[in-house]
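S.K.: Below, each chain spelled out in residue letters.
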Amino acid sequence: MLIFTPRTIQSNHWVLIGPLISIILTIIIGALIFKMLNYPVTESLYQVFISPFSRVDRIADILVKACPLIIIGIGLIFCFRANIWNIGAEGQFIIGTLCAGSFALLFPENNNHILLLSMFLVGFLGGALWASIPAILKIKLNVNEILVSLMLVYVAMLFIDFIVRGPLRDPMSFGFPLSKPYPDGAIISKINFPGIGYLGQLHYGIISILFLAPFSWFLINRTLPGFQIKVFGSAPKASSFAGFNKNKITLGVLIMSGGMAGLAGVIEVSANMGQLQPEVSFGYGFTAIIVAFLGRLNPYGVIIAGLVIATAKLGADNAQMILGIPKVVTGIFEGILLFFLLAGETIQNYKVSLKRNS
Amino acid sequence: MESLLITILVTSVPILLAGTGELIAEKSGVLNLGVEGMMLTGAVAALGSVLIFGNPLAGIFFGALAGILISLIFSFFTIFLMTNQVATGLGLTIFATGLTGLIGEPFVGKTISSLPKIEIIFLSDIPFLGSIFFKHDILFYLSILLIIAVHFFLIKSRYGIIIRAVGDNHDSAHSIGYPVKIIRLLCVGFGGMCAGMGGAYIPLVLTPHWSEGMTAGKGWIALALVVFASWLPFRLLLGALIFGGITILQFVGQARGWPFPSQFLNMLPYLVTIIALSIISIKTRSGNTLVPSSLGKPFLENN
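Protein sequence lines correspond, in order, to chains A and B. Note that my numbering has the first sequence beginning at 1, numbered continuously upward. Note that my numbering has the second sequence beginning at 1, numbered continuously upward.
Check before you lean on any hint, since a few could be wrong.
Partial pick of chain A residues on the chain B-facing surface, computed with a CB cut under 7 Å [claimed, not checked]: (1) Leu117; (2) Val143; (3) Glu334.
Worth flagging that the hints you see were computed from the coordinates, not collected in a lab. Just so you know, even glycine gets a beta-carbon here, dropped at the ideal spot from N, CA and C.
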């Protein structure tokens, strides 16, 4: 039988090897599931994992797909490090988008850059506000943040549906539930590479990651609040002996992650849709949870993880088109990947040895 | 009025069943956030087996079996590899959502026959009450019997006390000699079985065809219900009925043309969950002894 002994020093190489092995094991198990359900195995795996790299514009689209995942994932790092389980990023994404979109539609005359910048701000605040509901309920009444943040996802989905079909519906939309198109100043444009032209849907919103990742890394690793978050999450007792303010940390991490999710929504919709619609997110908020774990709760790791998951997401779209495999299969891969990542954490924290039953 | 009450009762069955299972799992100290996923698995297994065998009763069996099997994944990782229960449960739901989508794909557009109604002799002849309570399918009666059984099992039986001991302090339970891991494995398995049956109830009685993610958050509401019920079986029953009523309210509202946008009525179950959790938290703030003390904590066996 297996014996687990806690390690005093964490096994460092596992930080990198763990995710790699997890990905490989996930692909193997995924292949077995395809086999069991009678889908062509090699073909399916090719479509899911390789086909997104087959053309330059497809590679660019990986970046586009990864963008919201990475931004939400970076935000979630703050929560998960503090052991606060925000699983409602999807709702925060929607509310952030909705606030910023409404702002753009109500004040379209703003100067271009000011409009977009204020949308970022409004979107961040909207997401943060939505996330502060579970925060405040947890602080004041000790209500479980997992359930509240998740319930608010459903509320947010229904709310944007109401807004887009009701108050903000474009009278010219021929009955479709769509808002008016955003004013020009609210659109994030595609990148026109000199001499090459557009690469897929690649847009300027990607650049935000170049700021957000180092900023978050610095916040987490080089500042007192970052340190407090870490201690609070891994050793709550030590944190309270040290006099760290539990409530401030809880509110802070939820605002940070909700805000980032909102920001991700603003960028996603301004760059790719240009108007509000009932469905603005396609499970990004949930997928980002996997991204945060795969990235080992490190902002730079999250960038890589976001790219990996985005590849599989795009690959699944291709697999659906070509092989008729429903694209929900990515859920299977994501779930298995999370299991293995968590098991990897156990190996990182415990020395596993074999002992014969006596 | 009669049909309304019947609909409310029937609507509460899936969350009641799933909640019953989760209550036992949590009493043993395991927080399984995979309820939504296990329900979906039960739903797709039930639907598939009815399509294959043509008998709705097969749906109950295979729904329950599928729930148990998928709960084993969760148990393996959390109980034996001591992974984080919150994240693993979440992973289970994500995994099962994908898996059931893939398995259910060929079932789209097919309709199955529902569970037959069983009239209980004599009782179903009681005016008004008879047709409300005693003209239901077998799984309905089973869900009521189960919650009553769980109540007495937890309070009166030796095994119930052992489960509570494991959930309250796994280290002490272990040193007395109880096999903590095995007990938890069984409790989570029971949770999986109940969630599987709860999920199976949806295609077998409520909507007889497959759609992706057809549980629509019922698993999460069941989880909230356990907290709301403060881990007490009869309060769980009451809570399930309240939620059944609220879910039905949206249809009533639409049918009667209430002057609210339908989206706001549809929000009610989720909003009421949040409010209910808040109210119950106010009430139980000071040292609630009903919460299993080891809930969510991994058990490290030292020997």
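S.K.: State the violated hints by number, sorted upward, taking the hints as numbered earlier in the document.
M.R.: Number 1 only.
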